[in-house]
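Can you build the whole structure from these sequences, using the hints too?
Going by this note's numbering, the sequence shown opens with residue 335, and the numbers climb by one from there.
Note that these hints are calculated values from the structure, not bench results.
Here the structure is a predicted model, which means the values were calculated and not measured.
Don't take each hint at face value.
Said to hold, decoys possible - In silico EDC-like pairs for lysine to aspartate or glutamate, Cα to Cα no more than 16 Å straight-line:
1. K712 <-> D372
2. K551 <-> E400
3. K553 <-> E400
4. K546 <-> E400
5. K553 <-> E717
6. K681 <-> E596
7. K513 <-> D372
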Amino acid sequence: MKKNFWKALGPGIIWAGAAVGVSHLVQSTRAGAGYGFDLVLIVILINILKYPFFEFGPRYAIASGESLVHGYLRLGKWAVWLFMALTLGTMFTIQATVTSVTVGILSSVFPGILSFQGWIVLVFALCIFIVAIGKYKALDRVVKAIIIILSLSTVIAVLAASAKGFNPNPDFMVRFTWKASDLAFLIALAGWMPSAIDISVWHSMWTIEKIKNTGYKPKLSESLLDFKIGYIGTTVLALCFLALGALCMYGTGINFANNGTEFSTQFFNLYTTAIGKWAYPVIALAATATMFSTTLTVMDAYPRVMKPVTQIIIPSLNKPVYEKYISYFWLTILIFISFLIMTAFAKEMRVLVDIATTLSFITAPILGYLNYKAVTGKNISPEHQPGISLKIMSIIGLIVLNAFAIYFLSRFILRFF
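Encoded structure:
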């Protein structure tokens, strides 16, 4: 069992590599910095409500031997078209956002070495090399190492900050009150907490890829254990970053800058002021590792996902000879449009983050519904389908996500009347 578990371990860790990023480093830290510990229970609740829809990714892959993209096809070609539309509506802002935050951190850690555009080119080049040359095996190894470094660095920082105590200045304390601005931030926080539901599709594909590379098909219990390790880990890390924001930034009266480099510099300066200069390498390492991991994983995922989608939409391309070119096409489009978006929002990183996370929140109920229908389809044996408790959790999650999405959209539309 132990030997087989290590063979199965991987997709869940890569999932964590994609999930732990902007949602944690930026949004969770902002939650703590802006509201102290007020949002701890909400962060936990969000992770619980979205859990089933992420879990359905590896569950479907093990049960069916195919990815969720083909699970959507079993619902009808309309589901693939819908998924493609939702993906095209979010993929470029997601890639642009995670890369923009990565570049902001690198510009802060290594000031004056490269321009904003220069860092973008370097980050993209490194990611392309790992994704195109090393493919899954290299990605698997890199992300595992990064997650270990991140986890250790974050725990050390939280323990050090906790030792100094929670002492916000009462003059600058702000409480979460459910007013419009608070709800807008909550929706942006929830959009990528612990990540966008799109990642469930990626996870199903990583699971299939892992089986091909190792020649070992794990049991459902082994695959779900791999996922749960990643999921619980991301939840704990989200709370750690929230705690760091609360312990080090809440009640200081300092607002985050919109610019990515300035944001990162503030992030590091506040931490080192509160914890000590010795902590700079720890925080810098954690932040850099987090965001590069996310950028790398996202860049691997979108061309990988869009390949079967394209072949389903255009059946004439469903031939082995076209597979590599389809992936390169989507990789090129992804990089080009993401670069344009990053250039347009070069000095507005925080705005770009909120746009991307909010878009993901709005699409979450639709993707959650597609995942639920796929994993409860006739091609999935009863023993592999989710149990009654998980189905109830799914329904509750869909109701809550739909309610908040409808509320947000109604308020947004009413602004124009």
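Failing hints, ascending? Those not satisfied come down to hint 1.
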